[in-house]
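> Could you put together the complete structure from these sequences and hints?
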Amino acid sequence: MSTMTKISQLARHAGDPQILQTGPSSLAGIDRCAKLLGWVGIWLGLVKLFAPRRVARCLGMGGKARLLRLFGLREIGAGILTLSSEKHVGMWSRVAGDGLDIATLLAAQARHNPKRGNVSLALALVVGITALDFVVAQGLAARHGRGRGERRLYPDRSGFPQGLAAARGAAARKLAAQPHSSAFS
Amino acid sequence: MRALVWHGKEDVRCDTVTDPQIEDARDAIVRVTSCAICGSDLHLFHNFIPAMLPGDVMGHEMMGEVVEVGTAAKDALKVGERIVIPFTIICGECEQCRRGNFSVCERTNRNKAIADKVFGHGTAGLFGYTHLTGGYPGGQAEYIRVPFADRTHIKVPNGLSDDQALFLGDILPTGWQAAINCDIEPSDIVAVWGCGPVGQMCIRCAILLGAAQVIAIDCLPERLSMAEAGGAVPIDFKTESVIERLAELTGGKGPDKCIDATGLEAHVSMTHPDSILDRGKQMMMLESDRAHVLREMIYVCRPAGVLSIPGVYSGLVDKMPMGMLMNKGLTVRTGQTHVNRWSDDLLRRIEEGQIDPSFVITHTVGLEDGPEMYRVFRDKQDSCIKVVLKP
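Protein sequences, first through last, are from chains D and H. Just so we're aligned: the first sequence equals residues 49 to 233 in this note's numbering. Just so we're aligned: the second sequence equals residues 58 to 448 in this note's numbering.
None of these hints come from the bench; they were simulated from the model. All values derive from a computational prediction rather than experimental measurement. For every residue, glycine included, the Cβ atom is placed at its ideal position computed from N, Cα and C. It is possible that some hints are incorrect.
Only part of the chain D face toward chain H is listed, based on derived beta-carbon distances under 8 angstroms [stated by the list, open to error]:
id, residue
1, Gly71
2, Asp146
3, Gln157
4, Ala170
5, Gly197
6, Leu201
7, Leu212
8, Ala215
Okay, the calculated bits of chain H under chain D, using three or more residues with CB under 8 angstroms as the criterion [to be verified]:
id, stretch
9, 312-318
10, 437-445
Structure below.
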């Protein structure tokens, strides 16, 4: 039982059911992984948004603080999207953002950059995260996509045992015939 | 006992919890034989309805067999009787109950003080819903305590199966009330947005009440096929312009009556830019509800028409075309369903064979499969329209 669940028991009425043993969840591992990546993205985005100069210095990208700030905003946006119910859209936006990060880091790997070592490390990290983002995005699409399961139509389910023609206006006729036993009976 | 418990956003689990007990003389304990996952459960699943707490038992559409009755309910209920439990808990004695406005019963919300602060005036207690409506444990469980059980029940006559009777507790009266709220005349064209379970009931009820034509708007082929089977003309908003098709079907006049059976999670579509803006705002907590359907209804409805809103909304919406609403002289009717106002009449209609609400059931599973079925229903997989759970 999570801490939040334990705390919420305090606000509950005395006789309400208490959890004795928790069972399998509607959230799968892939959903939890996306959630974690969403929070990591928001945290990294905040770092880029509020300390862009330190990040730029660390990567030898002086003068790119504004770009890093924009990347921070992008990462926060993707993180929020990943935490929403449209998490697959968030994950694909993360993958696209990873591509931008890789392109920027590749450009920063020029020979004259004294922090090339840091850039290489960051690049390796981003490539790894990109691979993870891609796998999670694909996993989410497979788990939550409309394509799963059988496709059926229901052309025979009218819900009217006496047929559609008999049903048309049946209640109205009855109400008209019995004005005092109205639908409010 | 086992129960489906909300642990957080998109996290429902089949847990083992303590059994309910009689707490008040008007209580009854019911062994749940059938319960359903409702569209509004998905709003709770997504945490769009405020004041859910981790550990809440879900479910507000259920029926079963009475196994224990409090002393004050013994005249009304007997052990062994089969009952449908309306999702609105009613005292049957307050001024609103006496007027038939059961969903705003003044006594059954046990968190009324908080609800009064939030809503101005609190509403009735509801099962398996937010703590703003009392936080009563729901019926997606093996047993449920029914408060005010001497009034909060619908007795099921022998001969009716669970599947035929179950929806008397929510979606059938919800569809009926939505159609009744339209004041349907024989020449009326009624448009229904959203062909989920409530939308399907709205379509059938509008047909029964004599609408000249019913138009159903959705984007899922399985739902549109079921709507068409019930007598509606389908519009697929992904492949057709709703505004153009409605104009064509109504001779340019617009539908006389419009029903929003979608609620706060209107579909987000590239063809509806306002729906994208709504979703962005909803994520940033700048708006709680996506109101595309409301805007579209106001736009297309024939002047002096009626907008009936059974779809659930939770809080604030932006960009409402009030000028259009006012100048066109539209009437808006909405509210949670006054289940017991309609249940006797609808029960009779089921018994007479006018309608069999079990047509909407597409999946029947055990309670242990509930968490997975929340996901299947939400993701619209396996042509799922309505899930019934057998605890």
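> With a cut-off of 8 angstroms, does the beta carbon of leucine 212 of chain D approach a beta carbon of chain H closely enough for the hint to hold?
At about 5 angstroms, which falls below the 8 angstroms cut-off, the nearest Cβ of chain H leaves the hint on leucine 212 of chain D intact, so it holds.
> Please count how many residues of the stretch 437-445 of chain H have a CB within 8 angstroms of a CB from chain D and say whether that reaches 3.
holds (count 6)
> Holds or violated: is the Cβ of glutamine 157 of chain D closer than 8 angstroms to a Cβ in chain H?
Violated, about 35 angstroms.
> So, alanine 170 of chain D near chain H? Judge it on the closest CB pair being under 8 angstroms.
29 angstroms, violated
> Does the interface hint hold: is glycine 71 of chain D within less than 8 angstroms of chain H, judged Cβ to Cβ?
Where the cut-off is 8 angstroms and the nearest Cβ of chain H is about 4 angstroms from glycine 71 of chain D, the hint holds.
> Taking beta carbons only, do three or more residues of the stretch 312-318 of chain H come closer than 8 angstroms to chain D?
Violated: only 0 residues of the stretch 312-318 of chain H have a Cβ under 8 angstroms from chain D.
> Minimum Cβ distance from aspartate 146 of chain D to chain H below 8 angstroms?
21 angstroms, violated
> Is the interface hint satisfied for glycine 197 of chain D? The criterion is a beta-carbon contact with chain H at less than 8 angstroms.
With Cβ-Cβ at 3 angstroms, under 8 angstroms, it holds.
> Using 8 angstroms as the Cβ threshold, decide whether alanine 215 of chain D counts as touching chain H.
Hint on alanine 215 of chain D: holds, closest Cβ of chain H at ~6 angstroms, below 8 angstroms.
> Holds or violated: is there a CB of chain H closer than 8 angstroms to the CB of leucine 201 of chain D?
4 angstroms, holds
Against the hints set out earlier in the document, violations occur for numbers 2, 3, 4 and 9.
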